[in-house]
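J.: Read off the chains here:
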Amino acid sequence: MPKITYNNIGITAISAAIPKNTIKNLEYTNHFDENVVKEIVDKTGIKERRFAPDHLTSSDLCYHAAEKLILDNAIDKTEIDVLIFVSQTPDYRMPATSIILQDRLGLSKDTAAFDVSLGCSGFVYGLTMAYNYANLSGIKKVLLLDGETRSRIYHPKDRKTAFLFGDGGIACLIEKKDSFLPSFFSLNSDGSKQNLIKVDAGGYRNPSSINTMKEKVVDIHGNVRTDEHGYMNGGDVFNFLLREIPKDIKQVLDFSDTNINDIDYFLFHQANKFMNDYLSKKMKLDKDKVPQSISKYGNTSSVSIPLTIVDQLKGLLKKKNLLLCGFGVGMSWASAVINVEECKVSDIIEVE
Amino acid sequence: MKENFINAMYEAFEIEATEELDLGTEFRNHDNWDSLTKLSLIAVLDDEFDIIIEDDKLETLNTFKDLLEFISNK
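Residue numbers (the numbering used here), protein chains in the order written: chain V, 1 to 352; chain F, 1001 to 1074.
Hints were generated in silico from the structure; no laboratory data involved. There could be a bad hint or two in this list.
Unchecked claim - Per the computed footprint, the stretches of chain F lying under chain V, defined by three or more beta-carbons under 8 Å from a beta-carbon of chain V, are:
| # | segment |
| --- | --- |
| 1 | 1047 to 1055 |
| 2 | 1063 to 1070 |
What the hints assert, rightly or not - Partner residues are not named here, just some residues of chain V that face chain F (Cβ under 8 Å, in silico):
| # | residue |
| --- | --- |
| 3 | Y28 |
| 4 | F32 |
| 5 | G45 |
| 6 | F114 |
| 7 | G235 |
| 8 | D236 |
| 9 | N239 |
| 10 | L242 |
| 11 | K247 |
| 12 | K250 |
| 13 | K273 |
We treat Cβ as the ideally placed atom computed from N, Cα and C, and that holds for glycine.
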């Protein structure tokens, strides 16, 4: 459980792009009884989600977010030395999507580019990598892109997951400056819990075949999916998070010597409203300090924290102390206390 | 303890106030039981009794009475 400190590094700009295609959860499928759907919507708090149409990928969303970021902040593209793309829904199995984005964004061939395959913890992990590079001499600016089309991972006939996930992409800029205050991170992993959230087939352990694409009933409730679709054991995930997340948040606060009352905003991974409210209640947080975007976008995996920032904190990020906490598939979880001197937040753009 | 427990179960299972709760009932057979109720049950045990119940342990418990005994012995 490394505890990391960075000095004089910060996020200076952030933007987001979402598909225009909006799914209203109450009208999403006719595979389930109306009352069942209403109960799921009430409990998870997810009213709408954005689904990328077939032609749109997570890298497309990140591309549009990045162009918006570059335009709004008049960023000199030649100063971007590193491009990091966080996603578990890349364009291809190879090459890395980050490299395709380097060309598409018109960045120089001097750019270092690589992908990071993490889910809900991915943004906080990605930030540490961005901070790492920004910390090096010879690096001016780091562009962190984070995109997901999680809607494509889950089967519409599996009610445990069908109503939860959505798509989005973000871009953010990380730079060094003498006046930036320190930021602190805690990173964690537990591979013994790999089966709590998983897509069994389609990788090299269980390659795609006719069998992996067959729909099958997977439990006594009659839920249906294929081995190429994701599954999630929500109860056990929640149980795991109850044990680990409050503890990790406390550790990062202690380690950074931050009083919980000095945090301006708590940005939790948006898994569902139940989890958000539970964490807020357990830590006795003022509701106004816990921005949420779950009702509008659902769970967008690693994108949910930065998307919530863009959706909820535009114009508010001047001299602010943020606590970030991402948690999920892996299991992998990460918390951070970051000091923001001034972060320019762009308007969200919708992509058709 | 028993009264707190019963109140907690009414909350987790969203049982109507007018409805009786038979502790001998297998909680997974309760009309309101589903994967979301499991989250509420885990949450309410943590909230009210400061107990995080292990998955393996929860699997061995069947009736509301089993749950009550488990938290009473903690």
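J.: Against this structure, judge whether each hint is valid.
T.: Going down the list of hints, with the structure as the test:
no. : hint         : verdict
1   : 1047 to 1055 : holds (count 5)
2   : 1063 to 1070 : violated (count 0)
3   : Y28          : 17 Å, violated
4   : F32          : 12 Å, violated
5   : G45          : 12 Å, violated
6   : F114         : 36 Å, violated
7   : G235         : 4 Å, holds
8   : D236         : 5 Å, holds
9   : N239         : 5 Å, holds
10  : L242         : 6 Å, holds
11  : K247         : 11 Å, violated
12  : K250         : 15 Å, violated
13  : K273         : 11 Å, violated
Going down the numbered hints, you'll see the structure goes against 2, 3, 4, 5, 6, 11, 12 and 13, while the others check out.
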